[in-house]
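Model the full structure from these sequences, guided by the hints.
Protein chains: 2
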Amino acid sequence: MGATEFKVQLLLTGNEIMSGDTVDSNSALIARRLAELDIGVYRKVTVGDDRDLLARELSSMAEQADLLIVNGGLGPTIDDLTAEVLAQVTGVGVAEHPEAVAHLQQWCAGRRLALNAANMKQALLPVGADIIANTIGSAVGFELQVGKCRVICTPGVPGELAAMLDLIVADLARRLQRPAQRSILRLQTFGLGESSAQQMISDAIPDWPPEVELGFRAGAPQLEIKLSVSNSAALAARQHCRERLEQLFGDHIIGEGDCLLAERVLQLLRERGATLTTAESCTGGLIASMLTRIPGSSEAFHAGFVTYANAVKHSVLGVDEAVLASDGAVSEPVVRQMALGALQRAGADYAIAVSGIAGPDGGTPDKPVGTVWLAWGSRDDLRSLCLRWPVERTLFQTMVAAAGLDMIRRLLLGLDSEPRYFSQRRV
Amino acid sequence: MGATEFKVQLLLTGNEIMSGDTVDSNSALIARRLAELDIGVYRKVTVGDDRDLLARELSSMAEQADLLIVNGGLGPTIDDLTAEVLAQVTGVGVAEHPEAVAHLQQWCAGRRLALNAANMKQALLPVGADIIANTIGSAVGFELQVGKCRVICTPGVPGELAAMLDLIVADLARRLQRPAQRSILRLQTFGLGESSAQQMISDAIPDWPPEVELGFRAGAPQLEIKLSVSNSAALAARQHCRERLEQLFGDHIIGEGDCLLAERVLQLLRERGATLTTAESCTGGLIASMLTRIPGSSEAFHAGFVTYANAVKHSVLGVDEAVLASDGAVSEPVVRQMALGALQRAGADYAIAVSGIAGPDGGTPDKPVGTVWLAWGSRDDLRSLCLRWPVERTLFQTMVAAAGLDMIRRLLLGLDSEPRYFSQRRV
Numbered sequence: 000m001g002a003t004e005f006k007v008q009l010l011l012t013g014n015e016i017m018s019g020d021t022v023d024s025n026s027a028l029i030a031r032r033l034a035e036l037d038i039g040v041y042r043k044v045t046v047g048d049d050r051d052l053l054a055r056e057l058s059s060m061a062e063q064a065d066l067l068i069v070n071g072g073l074g075p076t077i078d079d080l081t082a083e084v085l086a087q088v089t090g091v092g093v094a095e096h097p098e099a100v101a102h103l104q105q106w107c108a109g110r111r112l113a114l115n116a117a118n119m120k121q122a123l124l125p126v127g128a129d130i131i132a133n134t135i136g137s138a139v140g141f142e143l144q145v146g147k148c149r150v151i152c153t154p155g156v157p158g159e160l161a162a163m164l165d166l167i168v169a170d171l172a173r174r175l176q177r178p179a180q181r182s183i184l185r186l187q188t189f190g191l192g193e194s195s196a197q198q199m200i201s202d203a204i205p206d207w208p209p210e211v212e213l214g215f216r217a218g219a220p221q222l223e224i225k226l227s228v229s230n231s232a233a234l235a236a237r238q239h240c241r242e243r244l245e246q247l248f249g250d251h252i253i254g255e256g257d258c259l260l261a262e263r264v265l266q267l268l269r270e271r272g273a274t275l276t277t278a279e280s281c282t283g284g285l286i287a288s289m290l291t292r293i294p295g296s297s298e299a300f301h302a303g304f305v306t307y308a309n310a311v312k313h314s315v316l317g318v319d320e321a322v323l324a325s326d327g328a329v330s331e332p333v334v335r336q337m338a339l340g341a342l343q344r345a346g347a348d349y350a351i352a353v354s355g356i357a358g359p360d361g362g363t364p365d366k367p368v369g370t371v372w373l374a375w376g377s378r379d380d381l382r383s384l385c386l387r388w389p390v391e392r393t394l395f396q397t398m399v400a401a402a403g404l405d406m407i408r409r410l411l412l413g414l415d416s417e418p419r420y421f422s423q424r425r426v
Numbered sequence: 000m001g002a003t004e005f006k007v008q009l010l011l012t013g014n015e016i017m018s019g020d021t022v023d024s025n026s027a028l029i030a031r032r033l034a035e036l037d038i039g040v041y042r043k044v045t046v047g048d049d050r051d052l053l054a055r056e057l058s059s060m061a062e063q064a065d066l067l068i069v070n071g072g073l074g075p076t077i078d079d080l081t082a083e084v085l086a087q088v089t090g091v092g093v094a095e096h097p098e099a100v101a102h103l104q105q106w107c108a109g110r111r112l113a114l115n116a117a118n119m120k121q122a123l124l125p126v127g128a129d130i131i132a133n134t135i136g137s138a139v140g141f142e143l144q145v146g147k148c149r150v151i152c153t154p155g156v157p158g159e160l161a162a163m164l165d166l167i168v169a170d171l172a173r174r175l176q177r178p179a180q181r182s183i184l185r186l187q188t189f190g191l192g193e194s195s196a197q198q199m200i201s202d203a204i205p206d207w208p209p210e211v212e213l214g215f216r217a218g219a220p221q222l223e224i225k226l227s228v229s230n231s232a233a234l235a236a237r238q239h240c241r242e243r244l245e246q247l248f249g250d251h252i253i254g255e256g257d258c259l260l261a262e263r264v265l266q267l268l269r270e271r272g273a274t275l276t277t278a279e280s281c282t283g284g285l286i287a288s289m290l291t292r293i294p295g296s297s298e299a300f301h302a303g304f305v306t307y308a309n310a311v312k313h314s315v316l317g318v319d320e321a322v323l324a325s326d327g328a329v330s331e332p333v334v335r336q337m338a339l340g341a342l343q344r345a346g347a348d349y350a351i352a353v354s355g356i357a358g359p360d361g362g363t364p365d366k367p368v369g370t371v372w373l374a375w376g377s378r379d380d381l382r383s384l385c386l387r388w389p390v391e392r393t394l395f396q397t398m399v400a401a402a403g404l405d406m407i408r409r410l411l412l413g414l415d416s417e418p419r420y421f422s423q424r425r426v
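Chains A and B, in that order, are what the protein sequence lines are.
Under numbering that gives the first Met the number 0, the first residue of the first sequence is numbered 0, with each subsequent residue one higher.
Under numbering that gives the first Met the number 0, the first residue of the second sequence is numbered 0, with each subsequent residue one higher.
Don't read these hints as lab results, they were simulated from the structure.
The C-beta atom is built at its ideal place from N, Cα and C for all residues, glycine as well.
Please note that the accuracy of each hint is not assured.
The calculated label-pair distances, taken between Cβ atoms and stated as ranges, are [said to hold, decoys possible]:
| hint | chain 1 | residue 1 | chain 2 | residue 2 | range |
| --- | --- | --- | --- | --- | --- |
| 1 | B | S231 | A | L112 | 41 to 51 Å |
| 2 | A | G127 | B | N115 | 39 to 49 Å |
| 3 | A | T134 | B | A273 | 45 to 55 Å |
| 4 | B | Q343 | A | S201 | 36 to 46 Å |
So these bits of chain B aren't anywhere near chain A, every CB distance computed over 12 Å [to be verified]:
| hint | residue |
| --- | --- |
| 5 | G90 |
| 6 | I200 |
| 7 | S297 |
Encoded structure:
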């Protein structure tokens, strides 16, 4: 709704973006901040530091859009053309903006730097522009009305842009009288593919209400399901959709917002006053790392073991050498002994153990690359299964680590089900 | 040069990019691959999954460009519009492409999936299009001549795009008779900041030859330094630059191309027939995970220990309980005992041990968040130092893990120096 009423375009400039030396995360940041006001970005154009091309895009975009946000090209070097080209396109010329000069003087003084000519260039703004404070860097932002389009020029340095967006979004909300209307509910899931989730929803909920926008964001290992509504009247419908989704595949829902699988597992452990340990072969410390990335993980995770070689599976975790010899490292008895050894040595309540063949080498006809045994649970309730997940090494490690965490999550929740992912991957 | 002769534009499509849910790294990848052929990207437009807008951009970009690369919109869902809109714009209509059908059949068979209607949509291509194999996913790429412009449509899934770009770049090199003219030498470094590296080079090599283009790509933890030349006559000048850089900060250079710190460490260990173990507290398995992400790591890395809690530092690694009580977990004697315990239990030649405060909690006036003790080396030559790196938790973990790997790299190479990074971070 917002997007059709109020057209926003983005113009990004910078040779480093065009060359691929820098991945542009600024436009995603701008889009997410505007979404808070239910404003969608309609079209985005990216060009290098090329005067003619920049002038052409500025003119044509300002004609089409209600709001044009320009990002980049505000720096002190000769490559930074935004102010100059905008002044040229609009025919207003540039002049030293007193507030920008004051900002530069203050910024340099704070750093005991001399205010040089290169920096002073950053105060040369199109005549009539209003400045937007830069609370971090030297380059002020500015805005200028061009016909019916408001042009807002912002710095390319991500941290400076982020700080400036607070001011820009607040100002837009005021001017458009558009206090954050759009409400986005994000559900994190593991074990569903995007297309199968979509298919299941279409099949099971043919009467999906049109006022609840459904979106997906596929990451490895999680799939995010987004339910967004553009006004509070639709919140009841969304709640209904959420309940239907929970009936459909509620055991796949890890949590809301940014919730990570490891975070949810740690939370469940804390609620139970329990601890978890890991015994990792093919994931090589990734499960431990996913857990310890979360602040406060030390409460429920005290120790983990990476036992890559057979000898250390025996010496560190006490896996029986005869079983290693007879069954091989990638086998049910070995992965179960790894879990039991880790439980004992860490003095933990729960364990995840994995042993598999991440590849590209090490596969056999019997146990091809992608084969993995997982064991999880407690001393009294230790479970295990074998999967075959023949994908590239690091993706394999990521998915297997997540699978281990998800099985512990399910066990802690008393769920007996498996992620749908497994149906095609069980061996 | 390439850019003015041969105009390349990119058209990206996807609601998830416009909304900011996904950061677009695909266009950077495309730009970097085209740069190998000395082809620059002139202009990039990004739009959502909007039929009219997509049609308008496709028409106008195909008129302006010699080559138009379209990325995204090849998937099985109704949002995926690229083939359909391209067929509509060019007036050729769509038809089931037999090679695409065969690919889909094979792809589904390999995954024991039924070929459903949603998938079959991916075989409906503009009449006259040539397909480009997708070696990873279900969506084939395709190309179509539109007037004087070659339009190449590629999948939005990054891994699938990356694989397909090998084919596209090879084909372009052949058709344009442009065997990689631009030669890019990429040096991976650790321990240098982008601006300080640039300043050091400007100061030390004022006569830098203009035919050798210098570029940087800052990542965490590595900084890539790029030396590119557009013809073979400049190779000698580049070699000279490389030698000057090696004099300037050669000990910071990890390797060429995509070389990762962990990869280099594993290579040095293999050359020496030696093994490494890890004893991690605040990095929580990240060092082990960085090592085991590398194929073949099992040769030199057999075991790692994550000892987060004091009790397991004692029970698993044999750290003295009295020392833990008197000096605290983040201390020189503890980190050294962690290293020695890991060396003994893993039977390894070298160890990295880290103990620090990743935050956000756990800091004290004496040992604030960001404080970390590292120990590295062998039983006979074990070294240690303390750093203070007060950054966000996961960045702290990344930089500390890399610092540990870099100190082992330096030790294995017989270098006594430290990364420049440390100068402001030593405690």
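- Of the hints stated earlier, which fail here? 2, 4, 7
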